[in-house]
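Add chain B to chain A, keeping to what the hints say.
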Amino acid sequence: MADQLFGPSDPAADAGYRDPPARKGFFTDTSICIGCKACEVACKEWNAVPADGGMALTGNSYDNTVGLGASTWRHVAFIEQRAPETASVDLGMPAMTLPGAQTPADGRQPFRWLMESDVCKHCTRAGCLDVCPTGALFRTEFGTVVVQDDICNGCGYCIPACPYGVIERRDGPPGDPAVGIAQKCTLCYDRLKGDLEPACAKACPTKSIQFGDLEELHQRARERVDVLAAAGETNAQLYGHDPDDGVGGTGAFFLLLDRPEVYGLPPDPVVPTRHLPMMWRRAAVAAVGLLAGAAAAFAGERRR
Amino acid sequence: MTAPGKRSGRRRREPTMVPDAEFSSYYGRPVVKPSPWQADIPAYLFLGGLAGGSSLLAAGADLTGNPAMRGPTRITALAAILASLVALVHDLGRPARFHHMMRVMKPTSPMSVGTWILTAYGPLAGVAAVAEARDLLPERLDEGVVGRLLPVAGRAAGIGAALLGPAVASYTAVLLTDTATPSWHDARGELPFVFVGSAASAAAGMAMLATPVAHAGPARRLAVAGSVFELAMSRRMESSMGLSAEPMHQGRAGRYLTAARVLTGAGALLAAWPARRGRAMSRIGGAALLAGSAATRFGIFHAGQQSARDPRYTVVPQRERLDRSTQPSR
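Chains as they are written, first to last, in our numbering: chain A, 1 to 304; chain B, 1 to 330.
Only chain A is shown next, with the shape it has when bound in the complex:
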């Protein structure tokens, strides 16, 4: 059973599809993200995702959608931080004043702005899918994970089961057909069915979001890391590409310029179901123990 719950796998074939198409995914290259949020907008438009809360400003750089959730299926993170010691690629970020106009040269600190468009990872070993008690969450022929809105009864179990905190139950606005139902990125399952690329990738003006066959994307990503290293950006690292990680690798993977947790991503996620056989064993032992304990409590009681 353990092999069926953990480790590398071809998820579509594993789910029983015969001759499935190549596994599809996203390669999100954060080194060329400009934080335009076209992906967030395109996603909302195509998938008819309602507004997420009010129009409040968080003060967290340019991020006002806070994180992935029921009504935010693409989320652009903005991190302002001191630049690392290694020389980085000059992205030519705009400033409000003439650079150096107010600070003397020796008082200036090298600064950088990281942007990352986050999305559901479409895990090889998907915690949400494993624990769904209704079969509403299913594995598509493209190897992605999708919720069927007409099946989900809003039990909420998928939400704590996701090691990335992606999926969420929609709680508004009133009248929205998906209120009370678990919601997340579908990797535009409907567009894939029609041979179209997902809306976010289509809208991305810098090709920071690339869609395609996962294997080809892996190849492209490795080349990109080498190019960046040659240009002096030695901190570039891939996240989610490794089939030997805790979720068997992800369908949506990333090129990051800092540690995952800086972007709000778990550094070493593991699908909870990895330990499920052990958990069931313990529960069985505990149940037998309770039965034995209760029997012992009646020891010496005369049968009347």
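The hints are simulated quantities; they were obtained by calculation from the structure and are not laboratory data.
Check the hints yourself; a few may be wrong.
Unchecked claim - Computed cross-link-like contacts, DSBU-like style, restricted to lysine-lysine with a CA-CA straight-line distance of at most 35 Å:
#1 K193/A / K207/A
#2 K207/A / K44/A
#3 K44/A / K106/B
#4 K202/A / K44/A
#5 K193/A / K44/A
#6 K106/B / K193/A
Stated by the list, open to error - Ranges between beta-carbon positions, derived for each pair:
#7 G194/A / A232/B: 57 to 63 Å
#8 D213/A / T119/B: 42 to 48 Å
#9 P174/A / D142/B: 53 to 59 Å
Backbone N, C-alpha and C define an ideal beta-carbon position, used for all residues, glycine too.
Relative to the frame of chain A, chain B by itself:
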């Protein structure tokens, strides 16, 4: 080394080799999401344990000819399982679709497994409880086939319920631990034992409340054993959990779990001796045990919720694990 991102956490100081002093997060925002569950779910954890444990006591009472305890425990089992079904349906985002749970049977989903356990257990607990209504039958029926069949059906169903009761009480631990919620997942080794201990003490407490002292001996013994076992396993669980044991001592979870220890301990002490002497002591002890079991479930539930809301419990252990596996040993 890259420059640090936004820092959060209680202590702010320069980076050191102590890994949990400081960690990176995205504006201190949670990494994993807390479950959307409300009080329905911890209430259900308590009621499921109460029902499962009561079915055990009921079957034992039935087989040892102890109708004074059999009656109230059978009725408790049915009432608790009905109330827990109400709680489970009420907690759904779409309650009208509760029956979608029965579309599939999935061993990877503890909730699916639980659905089928409850589906089998509920009717058995129901028949066992209905058999207690024999006294209400008109004399003619009571002397006829119905009157003769009821005790037989009640015994058979009651034994079935007693065999499934422990599963009702222990699967709920897997329901919580099969998540990415740090304080639940990290408790996976011991939580089923804590939960069956808690179920035993709740059911025994209820039986002490509702049964005359002379007939509640087995309940008192189960109360002491269940409570001691629960307290010991809780202790062991917390010491094995590492960082994610912290929320169990903080805030709401901390208050519930402190109350649980006091109530369960007091209930066990009363059950051990004074409850034998008088109905009042038996009732006080029983009530303490019931409240203690409920407090345990609410405490564990809130510890998980709290651990999911703070990125430290997700990031710090994962970062440590990653650094151990990627850094050559010094």
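Each hint, compared with the structure:
1. At roughly 22 Å between alpha-carbon atoms, K193/A and K207/A fall within 35 Å of each other, so this suggested pair holds.
2. Proximity of K207/A to K44/A is assessed by CA-CA distance (about 19 Å); at most 35 Å being required, the pair is judged to hold.
3. Under the criterion of a C-alpha separation no larger than 35 Å, the hint pairing K44/A with K106/B is consistent with the structure, at around 33 Å.
4. Distance hint between K202/A and K44/A is fulfilled; the C-alpha atoms sit about 13 Å from each other, no more than 35 Å.
5. At most 35 Å may separate the alpha-carbon atoms for a hinted pair to count; K193/A and K44/A meet this at roughly 19 Å.
6. Straight-line distance between C-alpha atoms of K106/B and K193/A comes to about 27 Å, which keeps the hinted pair within the 35 Å bound.
7. Between G194/A and A232/B, the C-beta spacing of about 60 Å keeps the proposed range 57 to 63 Å intact.
8. The hint said 42 to 48 Å for the Cβ distance between D213/A and T119/B, and at roughly 43 Å that hint holds.
9. A C-beta distance of roughly 55 Å is found between P174/A and D142/B, which places it inside the suggested range of 53 to 59 Å.
The structure meets every hint from the earlier list without exception.
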